[in-house]
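Visitor: Using the sequences and the accompanying hints, generate a full structural model.
Counting from 11, one number per residue, gives the positions in the sequence shown under the numbering used here.
No lab work stands behind these hints: they were computed from the structure. Just so it is clear, the structure is predicted and the values come from calculations on it, not from any experiment. Cβ atoms here follow ideal geometry from the backbone N, Cα and C, with glycine treated the same way. Wrong hints could be hidden among the right ones.
In the DSSO-like style, the derived pairs of lysine-lysine whose C-alpha atoms are separated by at most 30 Å in a straight line are [what the hints assert, rightly or not]: (1) 367 with 348; (2) 351 with 245; (3) 215 with 367; (4) 285 with 245; (5) 215 with 351; (6) 245 with 348; (7) 351 with 379; (8) 367 with 314; (9) 348 with 285; (10) 379 with 285; (11) 215 with 245; (12) 215 with 149; (13) 367 with 285.
FRET-style restraints, in silico, Cβ to Cβ [as the list claims (entries may be wrong)]: (14) 742 with 451: 43 to 53 Å; (15) 742 with 419: 52 to 62 Å; (16) 710 with 390: 18 to 28 Å.
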Amino acid sequence: MSKLRLGLVFVAATAAFALIVVRFVRRDAAVAPASVVAPTATTAERQLESVSTPDERGQATSVQLAEGEVPSGQGLLRLTVIAHDSGVPVADSPWRVVRANETSEADLAASITEFGGYTARTDAHGHAEFTLPAGVEWKLLSGPPDAVEQLVPALGEREARELTLRVGPTADDWFVARVIDADTQRPIDGAQFSPLSRFAASLDKLEVGATSDARGDVRIDLRNWSPFDALVCAKGYAMRAIPTEVDRTRPFVEVELERVGPLHVRVDGAKSLRKEIEVEIAFARGALFAGVVNGKPGQRMRAKLALDEELQTFLASPPLRTGIDVAARIRPNPPGRKNVKLAPGEERTVVFDLSRKVAVFGRVVDSDKRAVAGAELLLQRTAPLTTESEASKSALPEIVEPAPEPRTTLTDADGMFRFEEVPPGHWSLGTDPERLAQLAQATTPGVAKVEPRRLRLLGDGTDAELELNAIVGWMIAGRVVDPDGRPVEGASVGNSEAGHHARRSGDGRTISTDVDSATSGPSGEFTLGPVTLASIEIVATTEADGLSESSAVELNGPASHVVLALTRSCRIAGRVTPVPSDEDERLEVYLTSNTSSHWNLESSWSEGPFEFEAVPPGEYRVVARSSGRSSDGLAVVSRPIQLAEGQQINDLLLELAPAARIRIVAGGSSASREEWELSRWYRVQVDGASVEQFVVTHVDEEGLVIPAGRVRITPAFAPSTARDGTTTPVAEFDLAPGETRVVTIGG
11 MSKLRLGLVF VAATAAFALI VVRFVRRDAA VAPASVVAPT ATTAERQLES VSTPDERGQA
71 TSVQLAEGEV PSGQGLLRLT VIAHDSGVPV ADSPWRVVRA NETSEADLAA SITEFGGYTA
131 RTDAHGHAEF TLPAGVEWKL LSGPPDAVEQ LVPALGEREA RELTLRVGPT ADDWFVARVI
191 DADTQRPIDG AQFSPLSRFA ASLDKLEVGA TSDARGDVRI DLRNWSPFDA LVCAKGYAMR
251 AIPTEVDRTR PFVEVELERV GPLHVRVDGA KSLRKEIEVE IAFARGALFA GVVNGKPGQR
311 MRAKLALDEE LQTFLASPPL RTGIDVAARI RPNPPGRKNV KLAPGEERTV VFDLSRKVAV
371 FGRVVDSDKR AVAGAELLLQ RTAPLTTESE ASKSALPEIV EPAPEPRTTL TDADGMFRFE
431 EVPPGHWSLG TDPERLAQLA QATTPGVAKV EPRRLRLLGD GTDAELELNA IVGWMIAGRV
491 VDPDGRPVEG ASVGNSEAGH HARRSGDGRT ISTDVDSATS GPSGEFTLGP VTLASIEIVA
551 TTEADGLSES SAVELNGPAS HVVLALTRSC RIAGRVTPVP SDEDERLEVY LTSNTSSHWN
611 LESSWSEGPF EFEAVPPGEY RVVARSSGRS SDGLAVVSRP IQLAEGQQIN DLLLELAPAA
671 RIRIVAGGSS ASREEWELSR WYRVQVDGAS VEQFVVTHVD EEGLVIPAGR VRITPAFAPS
731 TARDGTTTPV AEFDLAPGET RVVTIGG
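Guide: Structure follows, in structure tokens:
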């Protein structure tokens, strides 16, 4: 009797366990359609990469392994993944096995590499293997696009279990489509499917229902998606509508999209009325469908396009082979309308000019506000000025269109000019550089130059009234050549006295000695001017290796064949002795002439070596200063030197000696006197060579440190007053080494 009871208990327990196993094995994932099928036969000797044949019971089959094939305490799970709609193996599919109570549905969206547990990818046959601890209940997971969660009952010790999963939607509940390029037949990633009501007439309120993945596949759950038409859009392709109701009985549909360029729309002018501008497109609704036309006969689809700050917009995927009406209007004006029909691959730009043309007028005057007659002005369209941040905001490509013809005019006797019927946009108004070059070659006197003024005409009906400043003078044209007579490109040509203070003309007016510099072209040619001085000296300089500035050429009027020959540069190198004993001592070495100084800043803290490269030929003086060499803490040496063209001096020795010093006192006490002194520059010469320039009120109590010798102080920019052409000195005296002299200037 007891044996009978024990047998009944064993049978009941076995049946209950079988029911539990069947329940969990047949359990589908809640996040996506998936099913489990088992092989019809198993064997311990079966190869791991073999493909199992599923049956209709939806159960997994266990395979008992031989001793030693699986480690003690472990079990083997063999997984085969096939597509639900076609039955073909699914390769490179990521899967993860975790304990049944360790994960949630939200984890499925992340990459399997972000989790613990056991991970693997299916091979080309759709196979994957997991060696798992025995006696533990597991969950088998896969992320998007399949999103499967399958319960796996506990494995026995050294048990091998084969499990086959079908993944993907079924034709009964899901609409499955693959979006491909009509030309290349390659999948399109990121194509958007939007619900489209059969009687919809506007594109403005459509929302994206699904997006295709990297394989071009898109899945739409028809149980949660009531519209039967889908509008398919992808960047660079023409939009197309798909009647999903017709294809619902088919498990898979291919949607071919044809390439098309975006349709650009631009509105010129009227930016002050931006909020009142509307841009609308309209086309036949049936043109979206490749087959039967759905909806009302003649029904049209419409959409409103928002303009950016530059009054531009675009439709990324317009329909093909149908007329597209593009309308723009400023209320309450009637709209402007244009019809466009696009072919595959075509890109089109539609421009609306809703603005009014205006007049650009004004007056040209010189620096004294006197009218400039006969000045020739050029008005031409230019590109808008944009910053990098502004350029990054717009995804639109640059719209290229024929620019209006440049227009010219001459100022009348009162300096007045006027341009009528100027369309809105960005313009430049000034003197034509090519015309200036022609006038220079013709040695025309009294040439007027107006720097270009940028204009932005909004087209709102407001005329532009301007006052333009002109420089009136004579022009210089010529060439820059090297010492062998070959043209030099990129050389700078300008006034030899550029950067100095202004001179005073005979009638007391101040005339600048600065003239705009010019750069030589490929043939060495240059144009300089207008020049407002009675005479001027010009030089050419270059940064080319081995070349230095040209000799100065003096001109007294228009010239058209000036040749500026660059010279071979010189080099001076040497050292200062004795070498500073204190590393904190400052050592300065510089090269000076009557017109310029070349500081060797690299040697300021060196142990004595110095070097000057690319020095023009001429008369110079090399000056070295050091602290801590005499009783007052300073030592100095000054050496005159004459450089011939291309001369190289590499071993110049400068011996420091006690320095001399002059302290400057500003004479006069009135405020006007102090202001006058503040703008007065003076030059210090020692033994006939310039060694310093200074402004009286800028000299501190320490004074100026200079070499000993015959000292002469003169105004730096005063006209010559002596009979021999030199400038009358304000002070002249001898200084011995270490001597300090107090000099009063302006008293």
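Visitor: Are there hints from earlier that the structure breaks, and if so, what are their numbers?
Guide: Going through the list in order, the structure violates hints 3, 7, 10, 12, 16 and respects the others.
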